[in-house]
Amino acid sequence: MQLNPSEISDLIKKKIESFDISVEAHTEGTVVSVTDGIVRVHGLSEAMQGEMLEFPGGSYGMALNLERDSVGVVMLGAYQHITEGDTVKCTGRILEVPVGEALLGRVVDALGNPIDGKGSIETEHSSPIEKIAPGVIARQSVDQPVQIGLKSIDSMIPVGRGQRELIIGDRQTGKTAIAVDAIINQKGTGIKCIYVAIGQKRSSIANVVRKLEEHGAMEHTIIVSASASESAALQFIAPYTGCAMGEYFRDIGEDALIIYDDLTKQAWAYRQISLLLRRPPGREAYPGDVFYIHSRLLERAARINAAEVEKLTDGKVKGKTGSLTALPIIETQGGDVSAFVPTNVISITDGQIFLETDLFNAGIRPAVNAGLSVSRVGGAAQTKIIKKLGGGIRLDLAQYRELAAFAQFASDLDESTRKQIERGQRVTELMKQDQYSPMSVAEMAVSLYAANEGFLDDLEVEKVRDFESALQAYMKSEHADLLAKINETGDYNADIEKGIRSAIEDFIKNNTW
Amino acid sequence: MTELSTLARPYAQAAFKRAKEVGAAGVWSDSLAFLAQVMQDKALQAVVDNPRVEKERLLQLMLDISKGYIHDEAENFLKILIENDRLNLIPQISVLYEQYKAEDEGYINVDLYSAYPITKDEQKKFVTSLEKLLSKKVNATVKVDKTLIGGIVAKAGDKVIDSSISGQLHQLEKRL
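Protein sequence lines correspond, in order, to chains D and L. Heads up, the first sequence is in my numbering, so the first residue is 1 and it goes up one at a time. Heads up, the second sequence is in my numbering, so the first residue is 514 and it goes up one at a time.
By construction, these hints were calculated from the structure, which means they are not laboratory data. Careful, some of the hints might be misleading.
[What the hints assert, rightly or not] Derived Cβ-Cβ restraints for the label pairs, each shown as a range:
1. 93/D - 647/L: 19 to 25 Å
2. 33/D - 555/L: 21 to 27 Å
3. 654/L - 66/D: 51 to 57 Å
4. 638/L - 275/D: 17 to 23 Å
5. 307/D - 616/L: 46 to 52 Å
6. 554/L - 277/D: 45 to 51 Å
7. 277/D - 578/L: 39 to 45 Å
8. 333/D - 647/L: 54 to 60 Å
9. 333/D - 562/L: 55 to 61 Å
[Unchecked claim] Here are the simulated DSS-like pairs of lysine-lysine, each with C-alpha atoms no more than 25 Å apart in a straight line:
10. 687/L - 14/D
11. 118/D - 592/L
12. 650/L - 633/L
13. 687/L - 89/D
Just so it is clear, CB atoms sit at the ideal spot from N, CA and C, and this is done for glycine as well.
With the hints as constraints, model all of the structure from the sequences given.
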């Protein structure tokens, strides 16, 4: 249905009539210099830190350096048309972005503007990007799991709702792959996901969007994109934008998961801005507060208690806790985790998942180094069944690592050592998982049970994965009710154990294994 | 880069404090204004910027130019500025001095931009309402700016009060 021309002008006329004409009072300043996206403005004595300033031509900038007689402004967006002598106005608003459910399923830029061509975003809520993290009293300890869907992670390095778990590794080791699998696995759990892409190729971001759409994961995901060709200012604020969007869900008693891919590039962007603002450079030329940009971002990922949720929603939501789980990603150079930014972020997060190039090249994907990876929340964030079965896995792998050097002389060793090595090899093989195939709790439980109870010990190592996929298919077709029961409660009792054992024994009997 | 205002501030503050001590605020104001005018001259700028001109010669030159137009203490002030190589700051010093003087005497300089010339009565009305708003005596200078189309824009330092038609059109443009 189309509006005819007179209707359109009528609409506009109505808007003009109802237009509230108010006398505007604001503070102004003058542009003194424009260099590389940084503008020096003379005047503006009342500018606030982080305030949005309006430039001619509709451009906006953020006031970052407040000096005695001038303000250092970093431009958000195009700045080529700005010249010396232009007038700059204060808006009185600290930088804020739209937040709310309307953003789910959309791809936005670092300022919240949609870039997926699906129209504008209608939301009444907006939130400043810089907020103070919840206080100590407002928090609750983490005891609910976030199922990543990857066996090696959920069994040995579990992530809880409200935890910060760092994914750290060299380039091309599968960091983004873990993140994408985590998002896909949140379908139907009620956890909203936010993927913040900082400084990445647009083709990579487009790939991620496509894969999420293919697996039906876009409807519970927001994608914030500050790609490599965008200004350093936008790359710097993108994580805070994503965090503000995640906090919206946290503060109304829901759970959210946010992935920052990756914070190394945000640190680079901040270094660029700081050097151009003539702030003194420190170690590795980073400014003095590079720790603070990450710590204040990650502190906002927390679990808040029901009383706090009730306060924040003015009593509308009672009895529900809210959480924001963060999975920051850091890229190391040459496996050097003792460099400046990696050590900073490791000390901030509640654990890390180490990905190694050697493991990746040896075919172990996800390339998780189980020995160096840790989750400081641990078993408190695991379902009962995975906790019971995962302990055995971790032990097997730890023992295997100790004896790994002897694996070459398998025939010359005593029985128990040989058994340990063989078990370790089979468990390592079991921990491999295809991309975009996250597993549910029940499927994982079945695989782990099979490994713990020695059902894999008679197989050849190369056959373990085929065995597993056939077993999973069998369980889905013949014992779907048992799987559903495990998925529903996550409990582990004698009944369930009997159920799994008899199912696996049936499978082995009826198939040529 | 440090702003000129930041460099000029200590000099302006010193000059004002001295002026207040001896109660010669107006005399200082005139001397500084004169010197600021003098510094605008291009030929003089060339001489001041020339590093090969010795300080004594420059001082002599400045004193000769300003004889009879500035008071004695201003001559000392000139000497200090030349010694510290800060002659170029004089325009900025004058501006800051005027600000301090205005604040001290409780009045503020306001630029009124109007699209059409306004009558004395209308100007008085604006001044009274501005004085109520800013709670200071207002020293208004009226300028005509046709680009405003209609209405008034009042600028006092950094603050701007915009009730012009072009300003309202701008707001409308943003809303629509």
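Quick rundown of the hints versus the structure:
1. Range check, residue 93/D to residue 647/L: about 24 Å between beta-carbon atoms, so the 19 to 25 Å window is met.
2. Between residue 33/D and residue 555/L, the C-beta spacing of about 24 Å keeps the proposed range 21 to 27 Å intact.
3. About 30 Å separates the C-beta atoms of residue 654/L and residue 66/D, a value inconsistent with the hinted range of 51 to 57 Å.
4. Between residue 638/L and residue 275/D the C-beta distance comes to about 52 Å, which lies outside the given range of 17 to 23 Å.
5. Under the hint 46 to 52 Å, the C-beta atoms of residue 307/D and residue 616/L, about 50 Å apart, fit the expected range.
6. At roughly 37 Å, the beta carbons of residue 554/L and residue 277/D sit outside the given window of 45 to 51 Å.
7. Distance hint check for residue 277/D and residue 578/L: the Cβ-Cβ separation is about 41 Å, which falls inside the suggested range of 39 to 45 Å.
8. With their beta carbons about 58 Å apart, residue 333/D and residue 647/L fall inside the hinted range of 54 to 60 Å.
9. Taking 55 to 61 Å as the suggested C-beta distance range, the pair residue 333/D and residue 562/L does not conform, at roughly 49 Å.
10. The suggested pairing of residue 687/L with residue 14/D holds, with an alpha-carbon distance near 16 Å, which does not exceed 25 Å.
11. With a CA separation close to 69 Å, the supplied pair residue 118/D and residue 592/L exceeds the 25 Å bound.
12. A distance of roughly 17 Å separates the Cα atoms of residue 650/L and residue 633/L; the hinted pair therefore holds under the 25 Å criterion.
13. With a CA separation close to 14 Å, the supplied pair residue 687/L and residue 89/D stays within the 25 Å bound.
Hint violations for this structure: numbers 3, 4, 6, 9 and 11, all remaining hints satisfied.
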